[in-house]
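**Student:** Produce the complete structure using the sequences and hints provided.
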Amino acid sequence: MNAIITVVGNDKVGIIARVSAFLAERNINIEDISQTVLSGNFVMMMMVDLSQSSKPLPTVKEELETLGEQMGVSISVMHEKVFSAMHRI
Numbered sequence: 001m002n003a004i005i006t007v008v009g010n011d012k013v014g015i016i017a018r019v020s021a022f023l024a025e026r027n028i029n030i031e032d033i034s035q036t037v038l039s040g041n042f043v044m045m046m047m048v049d050l051s052q053s054s055k056p057l058p059t060v061k062e063e064l065e066t067l068g069e070q071m072g073v074s075i076s077v078m079h080e081k082v083f084s085a086m087h088r089i
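The sequence shown: position 57 = 57 (UniProt numbering), numbered continuously.
It is worth saying that the hints were derived from the structure and are not from the lab. Some hints here could point you the wrong way.
Here are the simulated lysine to any residue pairs, SDA-like style, with alpha carbons at most 25 Å apart [unchecked claim]: (1) 61 <-> 32; (2) 61 <-> 29; (3) 55 <-> 77; (4) 12 <-> 71; (5) 55 <-> 36; (6) 55 <-> 40; (7) 55 <-> 11; (8) 55 <-> 26.
Restraint-style ranges between C-beta atoms, simulated for each label pair [stated by the list, open to error]: (9) 40 <-> 76: 15 to 23 Å; (10) 62 <-> 2: 15 to 23 Å; (11) 72 <-> 51: 24 to 32 Å; (12) 18 <-> 51: 16 to 24 Å.
What you are looking at is a predicted structure, and each value in this text was computed from that prediction instead of being measured. By construction, the Cβ of each residue, glycine as well, lies at the ideal position given by its N, Cα and C atoms.
**Tutor:** Shown next, in the form of structure tokens:
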């Protein structure tokens with residue numbers, strides 16, 4: 001099962017490291033990642049594989065939202081099928 005994670009906020013050191021460490025601790029593999037900084041704003045999208053995750057998607061989503069609050073960024077998680085349906089033309 002894949003999910004899309006988005007991270008948006010003011011650019012600062014360690015955003016990718018903290019999110020990646022969080023995922024690794026839960027055995028969630030990063031399949032694809034794209035990030036950029038636009039006018040001081042950090043924007044990242046990741047496709048992750050949750051098939052071996054130690055926690056279910058709703059728990060991961062809640063914990064990532066909490067991590068985002070601690071870091072001062074917005075982190076959202078969406079099942080890949082929902083993301084694809086929303087972006088279908």
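**Student:** Each hint needs a verdict: does it hold in this structure or not?
**Tutor:** Verification of the hints:
Between residue 61 and residue 32, the direct Cα distance comes to roughly 18 Å. Compliance with the 25 Å bound is thereby established for this hinted pair. About 15 Å separates the Cα atoms of residue 61 and residue 29, which keeps this hinted pair within 25 Å; it holds. A hinted pair counts as satisfied when its Cα atoms are at most 25 Å apart, and residue 55 with residue 77 qualifies at roughly 14 Å. Using a Cα cut-off of 25 Å, the hinted pair residue 12 and residue 71 holds, with the two alpha carbons roughly 9 Å apart.
The straight-line distance between the Cα atoms of residue 55 and residue 36 is roughly 29 Å, outside the 25 Å bound, and the hint therefore fails. Straight-line distance between C-alpha atoms of residue 55 and residue 40 comes to about 33 Å, which puts the hinted pair past the 25 Å bound. Simply put, residue 55 and residue 11 have alpha-carbon atoms about 28 Å apart, too far for the 25 Å limit, and the pair is violated. Of the supplied pair hints, the one linking residue 55 and residue 26 holds, its CA atoms being roughly 7 Å apart against a limit of 25 Å.
Look at residue 40 against residue 76: about 20 Å separates their beta carbons, and that is inside 15 to 23 Å. A beta carbon spacing of about 19 Å between residue 62 and residue 2 agrees with the range 15 to 23 Å that was offered as a hint. Look at residue 72 against residue 51: about 31 Å separates their beta carbons, and that is inside 24 to 32 Å. For the pair residue 18 and residue 51, the beta carbons lie near 23 Å from each other, so the given range of 16 to 24 Å is met.
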